[in-house]
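Those letters in the sequence shown? Residues -17 to -1, 1 to 569, by mature numbering (1 follows the signal peptide of the UniProt record, and there is no 0).
Among the clues, some could well be false.
DSBU-like cross-link-like pairs, simulated, lysine-lysine; straight-line CA separation at most 30 angstroms [as the list claims (entries may be wrong)]:
no. : residue 1 : residue 2
1   : Lys365    : Lys293
2   : Lys106    : Lys168
3   : Lys106    : Lys240
4   : Lys98     : Lys293
It is worth saying that the hints were derived from the structure and are not from the lab.
All values derive from a computational prediction rather than experimental measurement.
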Amino acid sequence: PGTALTLGLLLLSVARGLRPDDAGPPAESPLQKPTVMIAILARNSAHSLPLYLGCIDRLDYPKERLAIWAASDHNVDNTSVVLQEWLKNVQKLYHHVEWKNVQEPRSYPDESGPKHWTSSRFKQVMKLRQEALQSARELWADYVLVGVTIRHVLWHRCWNLAACTPTSGGYYKRTPDYVPIREWKQTGCFAVPMVHSTFLIDLRKAATRSLAFYPPHPDYTWAFDDIMVFAFSARQAGIQMYVCNQVHYGYLPVPLKPQQTLEEEVDSCIHVQTDAMVDRPPIEPSQYVHVPMPSLDKAGFDEMFLINLKRRTARRDRMLRTLAILQIVPSVLDAVDGSALNSSQLQAMGIDMLPGYEDPYSGRVLTRGEIGCFLSHYHIWKEVVHRGLQSVLVLEDDVRFEPQFRKRLMSLMANIREAQLDWDLIYVGRKRMQIKKPEKSVPAVRNLVEADYSYWTLGYVISQQGALKLLRAEPLSKMLPVDEFLPVMFNKHPEVKYLEMFEPRDLKAFSAEPLLVFPTHYTGEPGYISDTETSTIWDNEGVTTDWDRQKSGKMQQQAHIGSSAQNREALQTQPVGGSAAAREEL
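Kindly generate the complete structure, drawing on both the sequences and the hints.
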């Protein structure tokens, strides 16, 4: 014992000699981050997979603490090739990579198409998720993230990450909390009976040992559905599910119906990309997979002009990226900056305001911002005539594109050509101001109406003949805002005193129905910017118009159009993701 005590004192003395006498106890080493397995189930998603994988690449998390479990089967596209290329290039970055790939068969025997969810497909997905869950357990992962498998089932029953209550049939219905949570009016983590599409499971909790995607719990008697089976398993294990919406986690395309095609899903994915860029950075593909560059063109037009102020660089970048995704190459027109115009320049150009013009909402006169906007469009009309262009698409830089924009616009123009319609201008985006009665549909052309009084010049198609008519009106010497001028020229403006100042008023104006573009932001919304309303009045640069920004009615959303005034004859079946209700869901 004495020897042991002496040795102990000696060791203690040596240990003390290794640090200053006044030093405190050594600081504890920080804990490593939890280990997470990401489970990827991919089928017929070659179009979207590079974007999804790019999101994984950019996760702000140590890759050595991540494991990847990936599976792909029943593909009619190159999904497995894309996934395998990515796994090969990143496998050294991650703690563990596991890959399951089945080349044949390319479809399920009982499916009607690649978007059809049959019992055999449900079963396969449930088995794969169970296999991923088991693999995570064997790796002693702290968490497993089971990713999205898009489908239509439950689309009309309980929307994803939803606050719902179960019904007697095992399905779910909304609670009053559903909409406030979905729309971020209530934020936090909320207890829910079911989570749809994406699960983060804490495997450190002992109760998760009873969780299972497959086989269904012995007491489960409801529909054979992977989400519902898993929700029942969690409930039987005494596990509470939560949905958290404190931050923006990503995007889910609108699920397709069983009879829809992969081509339609590609269109839906394109819409997700373009819509995401309105308020957030673009979704970039993974750097570890080859993504072929799409060929760009003018979408069937002689020219496509994008109007943008040079100082609005963010808008320009977003629109150029968006149009590239839509496979459209624009000619960028540097807009006339009304704030930079002085009285001498206006006088030199012969610009004068239309006598008696007043803004219909504030009563103010013309602004220099509105003059700059008018001149930007005016320069395009001059170029259309000068170059002899027959069909030109004009877009401003603050538009949000509807699903299948390119396809629908090209189809509309093809129908117009086939019908040999005599046209001058076609709105693709506008604010319809006459909402008491329907507009007249064009019998020979689907999705087209004769335009009534309208606001906005977000987007339109103009012909050589139409541009010539607008220029011959000599509008610079009797100027009013461009979106007031156009209805005057097709004789639909309610102010007779404006109409009397222009002859002839024979512009043949039409509008796409439903519309193909909308504003990115409306008056008062975060991110709303107006270079026309927040300006100075046209003949006195010392008088600003900032005061009317918040109460301007021109850039408020379209007023409700009652059923008796809707253009029903022109309306056709909405494209995938085309309805407002569908877009709001995801």
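So, going through the hints one by one against the coordinates:
1. At roughly 21 angstroms between alpha-carbon atoms, Lys365 and Lys293 fall within 30 angstroms of each other, so this suggested pair holds.
2. For a cut-off of 30 angstroms, the pair hint linking Lys106 to Lys168 is broken: about 37 angstroms separates their Cα positions.
3. Proximity of Lys106 to Lys240 is assessed by CA-CA distance (about 19 angstroms); at most 30 angstroms being required, the pair is judged to hold.
4. The hinted pair formed by Lys98 and Lys293 fails the criterion: a straight-line CA distance of about 44 angstroms is larger than 30 angstroms.
Violation of the numbered hints given earlier is confined to hints 2, 4; the remaining hints are satisfied by the structure.
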